[in-house]
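Trainee: Sequence:
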Amino acid sequence: MSENRMMVKMETILALWTGKGSAGQRELMEFLTGRSLCEYEATLVRPLVKAWLGSQLPALMNTVVNPAAIYDDWLKKECARLGGENASLEAIPADEMAGIVMVLDKVAASNAAVTDAQAKVAAMEAKVAEMAPYKAKAEKFEKEATQLKGKVDGLTKDVADLKAQVAGFKGMVPVAEDDINATIKDIVTKALKDAVASVPLGAVAGAAAAAGDAAAADVAPAEEASAVPDDFGFGASGASSDGFGF
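Okay, so the sequence shown: first residue is 457 according to this note's numbering, each after it adds one.
Calculated directly from the structure, the hints in this document are not laboratory data. A hint or two may mislead.
[To be verified] Restricting the straight-line Cα-Cα distance to at most 20 Å, the calculated cross-link-like pairs of lysine to aspartate or glutamate (EDC-like) are:
| hint | residue 1 | residue 2 |
| --- | --- | --- |
| 1 | 506 | 546 |
| 2 | 506 | 552 |
| 3 | 465 | 541 |
| 4 | 506 | 551 |
| 5 | 476 | 528 |
| 6 | 476 | 529 |
| 7 | 583 | 572 |
| 8 | 506 | 467 |
| 9 | 532 | 467 |
| 10 | 562 | 551 |
| 11 | 465 | 546 |
| 12 | 619 | 609 |
| 13 | 591 | 581 |
| 14 | 605 | 617 |
| 15 | 476 | 495 |
| 16 | 562 | 495 |
| 17 | 562 | 572 |
| 18 | 533 | 467 |
| 19 | 465 | 529 |
| 20 | 605 | 595 |
| 21 | 465 | 483 |
| 22 | 607 | 595 |
| 23 | 562 | 486 |
| 24 | 583 | 595 |
| 25 | 465 | 486 |
In this text, all values refer to a predicted model and were calculated from it rather than measured experimentally.
Please model the complete structure; the sequences and the hints are all you need to start from.
Mentor: Right, dumping it as structure tokens:
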């Protein structure tokens, strides 16, 4: 038998013709079309295959399915009517297949693209699954980093406040110890002078008349005692040498 022909069971031909499920239908369609077919492609070529079978076995055109009859009994009668249990079929010529081949090629390309996309999706899903533990760790590190950032921001504010305080202190001029001593000396001197000035003038004149020259001689030491020594200040002593000072 020629490679371009195939011996096929009549029941397979009848099952394909009537739309009944039967083993061997896909193999028959692949032989007739000369290419491998997926389930979807098989549905596309079925009308063409049935038309070709009708051209090869014209008696098929008169096949009538009796729903009330038992299928096996009906099948035997139809096989006998069509010429036996087997039939020799020729493959569909290339020129007859040209139109459907274009469709099948597009379907095959689409299927290939879908298969490739599914493979890529599966690969990405696998990577996502691998990264799941690292994602949890990353979320933990991100939380810790946020907390640390909050602490750093707080410390930065404290440093800024301290810098502002230091800047204020820099504007203050320190007072020298000598300046403090001189200021205290001026205050005490003024107080003593005010005390002497407050003594009544008549009392001073009466004391001078009674004492004479002796009183006059005592006035100078008194004035000297009322004065503040030049070395008055921290650690200095007054006229009485009692250690008065600061």
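Trainee: Against the 20 Å threshold, does the CA-CA distance of residue 506 and residue 552 hold or violate the hint?
Mentor: 13 Å, holds
Trainee: CA of residue 476 to CA of residue 528, is that 20 Å or under?
Mentor: Between residue 476 and residue 528 the Cα gap is close to 12 Å, so the pair holds against 20 Å.
Trainee: Are the Cα atoms of residue 465 and residue 483 separated by 20 Å or less?
Mentor: 12 Å, holds
Trainee: Residue 476 and residue 495 were given as a pair; does the straight-line alpha-carbon distance stay at or below 20 Å?
Mentor: 15 Å, holds
Trainee: Does residue 467 lie within 20 Å of residue 532 when you go C-alpha to C-alpha?
Mentor: 9 Å, holds
Trainee: For the pair we were handed, residue 506 and residue 551, check the Cα-Cα distance against 20 Å.
Mentor: Satisfied, since the Cα-Cα distance of roughly 17 Å is no more than 20 Å.
Trainee: Under the criterion that the straight-line Cα-Cα distance not exceed 20 Å, is the pair residue 605, residue 595 satisfied?
Mentor: 15 Å, holds
Trainee: Below or equal to 20 Å on CA atoms is what counts here, so check residue 465 against residue 486.
Mentor: 15 Å, holds
Trainee: For the pair we were handed, residue 562 and residue 486, check the Cα-Cα distance against 20 Å.
Mentor: 17 Å, holds
Trainee: Given the hint that residue 476 pairs with residue 529, test it: the Cα-Cα distance must not exceed 20 Å.
Mentor: 15 Å, holds
Trainee: Hinted pair, alpha-carbon criterion (20 Å max): residue 465, residue 529. Please report holds or violated.
Mentor: Answer holds: residue 465 to residue 529 is near 16 Å, not above 20 Å.
Trainee: For the pair supplied as a hint, residue 583 and residue 595, is the alpha-carbon distance within the 20 Å limit?
Mentor: 18 Å, holds
Consistency with the previously given hints is maintained throughout, with no hint failing.
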